[in-house]
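Enquirer: Heads up: the sequence lines are chains U and Z, in that order.
Using this note's numbering, the letters of the first sequence map in sequence onto residues 1 to 384.
Using this note's numbering, the letters of the second sequence map in sequence onto residues 1 to 316.
The hints are simulated quantities; they were obtained by calculation from the structure and are not laboratory data.
C-beta: ideal position from N, C-alpha, C; glycine also.
Be aware that one or more of the hints could be misleading.
[Stated by the list, open to error] Here are the in silico distance ranges between beta carbons for each label pair:
#, chain 1, residue 1, chain 2, residue 2, range
1, Z, VAL221, U, PRO309, 43 to 49 Å
2, Z, GLY92, U, ALA212, 50 to 56 Å
3, Z, LEU168, U, ARG200, 53 to 59 Å
4, U, GLY335, Z, ASN156, 36 to 42 Å
5, Z, GLU274, U, GLY254, 47 to 53 Å
6, Z, GLU236, U, ASP362, 41 to 47 Å
7, Z, ASP178, U, GLY313, 50 to 56 Å
8, U, PRO376, Z, GLU274, 27 to 33 Å
9, U, ASN138, Z, GLY92, 40 to 46 Å
10, U, GLY254, Z, GLU200, 38 to 44 Å
11, U, ASP93, Z, LYS58, 45 to 51 Å
12, Z, ASP178, U, PRO100, 33 to 39 Å
[Stated by the list, open to error] According to the in silico footprint, chain Z covers these stretches of chain U (three or more CB under 8 Å from chain Z):
#, segment
13, 11 to 23
14, 264 to 277
15, 316 to 326
16, 341 to 353
[Stated by the list, open to error] Beyond 12 Å from chain U on every Cβ pair, some chain Z residues (computed):
#, residue
17, GLY18
18, THR20
19, PRO139
20, HIS248
21, LYS269
22, LEU275
23, ARG308
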Amino acid sequence: MNIQQLLAKKDLIICVGSGGVGKTTTAAAIGLQAARDGRKVLVLTIDPAKRLANSLGLKRFGNDETRIDLSPLPDAKGELWAMMLDNQKTFDDLIEKLSPDEQSRANILSNRIYRATADNISGSQDYMATEKLYDVVNSERYDLVVLDTPPVKNALDFLEAPGRLARFLDKRVMKWFLQPYDEGRVFGKLLMGTSAVVFRLLGYIFGREFLAELAEYFHHFRDLYEGFAARHQAVVDLFGDGRTAFLIVSAPNGPSLEVAEFFLAELGRRGMHNPGLIVNQRHVTESGPLKAKAVLGARSAALSEDLPPHTGGQLLARLGAAHRRLRELSAVEDGLVAGVVRGMARGQSVWSVPRLEEDVHDLPSLGRIGEHLCTPPEVVGSRP
Amino acid sequence: MNVQEVLQSRLLLVTGKGGTGKTTLSATVGRLSAQRGRRTVICEVDTFRPALTAVVGKKPGYAPTTVGPNLDICNVTWREALVEWLGDTVPGKRIVKAILDNRVVQPFLEATPGLRETVILSRIVKLCDQYEQVVVDMPASGHAVSLLGVPGVAMNLMRAGPIRERALQIKARLARRDTALVIVALPEEMVVNETVELWERLHKEVPSLRLPMVALNRSAVPSLSEGERALLDRLESDPELTEDPLAHELLVAGRWEAGLEQATAEALKRLRSELDVNVVHFSRLGALGGYDGGPERIVQQLAAALARQELAEQQA
Numbered sequence: 001m002n003i004q005q006l007l008a009k010k011d012l013i014i015c016v017g018s019g020g021v022g023k024t025t026t027a028a029a030i031g032l033q034a035a036r037d038g039r040k041v042l043v044l045t046i047d048p049a050k051r052l053a054n055s056l057g058l059k060r061f062g063n064d065e066t067r068i069d070l071s072p073l074p075d076a077k078g079e080l081w082a083m084m085l086d087n088q089k090t091f092d093d094l095i096e097k098l099s100p101d102e103q104s105r106a107n108i109l110s111n112r113i114y115r116a117t118a119d120n121i122s123g124s125q126d127y128m129a130t131e132k133l134y135d136v137v138n139s140e141r142y143d144l145v146v147l148d149t150p151p152v153k154n155a156l157d158f159l160e161a162p163g164r165l166a167r168f169l170d171k172r173v174m175k176w177f178l179q180p181y182d183e184g185r186v187f188g189k190l191l192m193g194t195s196a197v198v199f200r201l202l203g204y205i206f207g208r209e210f211l212a213e214l215a216e217y218f219h220h221f222r223d224l225y226e227g228f229a230a231r232h233q234a235v236v237d238l239f240g241d242g243r244t245a246f247l248i249v250s251a252p253n254g255p256s257l258e259v260a261e262f263f264l265a266e267l268g269r270r271g272m273h274n275p276g277l278i279v280n281q282r283h284v285t286e287s288g289p290l291k292a293k294a295v296l297g298a299r300s301a302a303l304s305e306d307l308p309p310h311t312g313g314q315l316l317a318r319l320g321a322a323h324r325r326l327r328e329l330s331a332v333e334d335g336l337v338a339g340v341v342r343g344m345a346r347g348q349s350v351w352s353v354p355r356l357e358e359d360v361h362d363l364p365s366l367g368r369i370g371e372h373l374c375t376p377p378e379v380v381g382s383r384p
Numbered sequence: 001m002n003v004q005e006v007l008q009s010r011l012l013l014v015t016g017k018g019g020t021g022k023t024t025l026s027a028t029v030g031r032l033s034a035q036r037g038r039r040t041v042i043c044e045v046d047t048f049r050p051a052l053t054a055v056v057g058k059k060p061g062y063a064p065t066t067v068g069p070n071l072d073i074c075n076v077t078w079r080e081a082l083v084e085w086l087g088d089t090v091p092g093k094r095i096v097k098a099i100l101d102n103r104v105v106q107p108f109l110e111a112t113p114g115l116r117e118t119v120i121l122s123r124i125v126k127l128c129d130q131y132e133q134v135v136v137d138m139p140a141s142g143h144a145v146s147l148l149g150v151p152g153v154a155m156n157l158m159r160a161g162p163i164r165e166r167a168l169q170i171k172a173r174l175a176r177r178d179t180a181l182v183i184v185a186l187p188e189e190m191v192v193n194e195t196v197e198l199w200e201r202l203h204k205e206v207p208s209l210r211l212p213m214v215a216l217n218r219s220a221v222p223s224l225s226e227g228e229r230a231l232l233d234r235l236e237s238d239p240e241l242t243e244d245p246l247a248h249e250l251l252v253a254g255r256w257e258a259g260l261e262q263a264t265a266e267a268l269k270r271l272r273s274e275l276d277v278n279v280v281h282f283s284r285l286g287a288l289g290g291y292d293g294g295p296e297r298i299v300q301q302l303a304a305a306l307a308r309q310e311l312a313e314q315q316a
């Protein structure tokens, strides 16, 4: 599928893949391309490189939606907005929204465990990304939202983030844990049977004081349970919606393509729409083996008269070797990508973006990546 | 004596941005230590698809598996670590079973802040008593910071009890002279930036942690002479060659290599000045990424390079 058609049809694009493959850059380039084509786009990103963030004028904290100045690209017809996710702020906003009254809001926000959890404990970032996503998609302020997912340790974490928090707020757990708290008893004293044993042990393991604080924390959160559960369901629905597409981003190397294969299988199994795979940073050569002396010998001799002896010969030897290495590398990459393509479904696409010599840190270079993405992809099951 | 500090550490934590080669470096150090007769284990941290499998050829489980003389691998999965930790903490197998069989306790334990990280680190600390070297293939940047920062958080939250004690033990282990951190980087501006930031954050979170070495993978050591560079520039701007596609191909390849060399030089300079640390660079192997020779060959070559660095250090 042509990427421009895809961008025109979808409301939400989620970029997934392993770390270090250019996911953030790809998300930004896709967003920019859609904005050039006339859509109003928000790119929701987690942690872009400082230089990219600076040159786009992004603020690092506070969840501000920043409009990117597209004047360096006079052909742009739409708008590009970007937001960097601030974990703590998202969590605080969420509590504010879901709290029934001012008192319960204040209780949660001042709880020490809450302060420690919201920003410091792994997994909260994955959850907050989905949370913010739900917010901006529902605001209907944008034609298209592009989400750059956080670097996930377990590739699945991201897809399951909403489920984990909802599970933790499971009513049964709450009821079981909060019963003694609600009834004002001291932990473990008046309970019978297994629960009594378990409670005593938890008290022993975590310390009574911590357990009491934890009970308070859960107690405050209980009021929010309905809200969390509903939002979880909404995010799950959003992932499976026909207007949502997942794009897998990879580099042309074994480890990141392995993660890509994993995502291909998982997204397929979950019935989520996955138009295909973007392979970044590919090394491309167009000719067969070359003899540097035959191609450049004459010009090299003419241009090196004033240089130390043998400079021309040495450089030509280096150029020949560099070209051999580049061809070798390009062949290795082609083989790796072909291996992944064999396992893809008919109709899925592979977009290739060549490695750019410059570091991508401004609009024109993002625009060039977008242009590469606009060239027709390799479509699985169709003959070129 | 920085390479030596890495090789002789009891606990070695390897982290860095995703895709820089953390697993390969972990396998390299582990292999080298094992060859030198130290009982060594390489651990992954709760990974769903252990990357070690591709490098070592066997899938690590929770219990260490032997993959060569003196060399074991394992995956510190959180559920198994929890079971082991409960077993160590709570007297009596029956009680542990009662806790684990309780349907509502599982999600409770999953939700308890810091528990996951504490039991994982606790298992790693325990492995340090069973092996002469424990090499941990840590999660990437941000996840590594939260993993290592958790004992501190847990200690603030819990004023007594076994978790606090465990957190104290972990902190003590991280502060020991034979515990070392290695950050793996690549000669790319973005990766170098993230490496500098990562160390700032880790140092703030765990001030006692030592960073004796940054490993710069896939480096290209500058080798173009000034004359060659000048000639490359001239050929690139030569009007007689602009229309020649074959000349263009060769010059692109030459510029690509010159770019790699320059990026390596810049990365070395920045890392050395901003982190004040020994940067050991590993040349790219084979076709840059080095997948042609297979992981086994890469690990062997890296191990040889590391041993050479160590020797150079000793002679200096």
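Enquirer: Against this structure, judge whether each hint is valid.
Expert: Status of each hint after checking the structure:
{"no.": "1", "hint": "Z/VAL221 x U/PRO309: 43 to 49 Å", "in the structure": "violated (24 Å)"}
{"no.": "2", "hint": "Z/GLY92 x U/ALA212: 50 to 56 Å", "in the structure": "violated (25 Å)"}
{"no.": "3", "hint": "Z/LEU168 x U/ARG200: 53 to 59 Å", "in the structure": "violated (23 Å)"}
{"no.": "4", "hint": "U/GLY335 x Z/ASN156: 36 to 42 Å", "in the structure": "violated (52 Å)"}
{"no.": "5", "hint": "Z/GLU274 x U/GLY254: 47 to 53 Å", "in the structure": "violated (31 Å)"}
{"no.": "6", "hint": "Z/GLU236 x U/ASP362: 41 to 47 Å", "in the structure": "violated (23 Å)"}
{"no.": "7", "hint": "Z/ASP178 x U/GLY313: 50 to 56 Å", "in the structure": "holds (52 Å)"}
{"no.": "8", "hint": "U/PRO376 x Z/GLU274: 27 to 33 Å", "in the structure": "violated (43 Å)"}
{"no.": "9", "hint": "U/ASN138 x Z/GLY92: 40 to 46 Å", "in the structure": "violated (51 Å)"}
{"no.": "10", "hint": "U/GLY254 x Z/GLU200: 38 to 44 Å", "in the structure": "violated (31 Å)"}
{"no.": "11", "hint": "U/ASP93 x Z/LYS58: 45 to 51 Å", "in the structure": "holds (46 Å)"}
{"no.": "12", "hint": "Z/ASP178 x U/PRO100: 33 to 39 Å", "in the structure": "violated (53 Å)"}
{"no.": "13", "hint": "11 to 23", "in the structure": "holds (count 4)"}
{"no.": "14", "hint": "264 to 277", "in the structure": "violated (count 0)"}
{"no.": "15", "hint": "316 to 326", "in the structure": "holds (count 7)"}
{"no.": "16", "hint": "341 to 353", "in the structure": "violated (count 0)"}
{"no.": "17", "hint": "GLY18", "in the structure": "violated (2 Å)"}
{"no.": "18", "hint": "THR20", "in the structure": "violated (7 Å)"}
{"no.": "19", "hint": "PRO139", "in the structure": "violated (5 Å)"}
{"no.": "20", "hint": "HIS248", "in the structure": "violated (9 Å)"}
{"no.": "21", "hint": "LYS269", "in the structure": "holds (16 Å)"}
{"no.": "22", "hint": "LEU275", "in the structure": "holds (16 Å)"}
{"no.": "23", "hint": "ARG308", "in the structure": "holds (23 Å)"}
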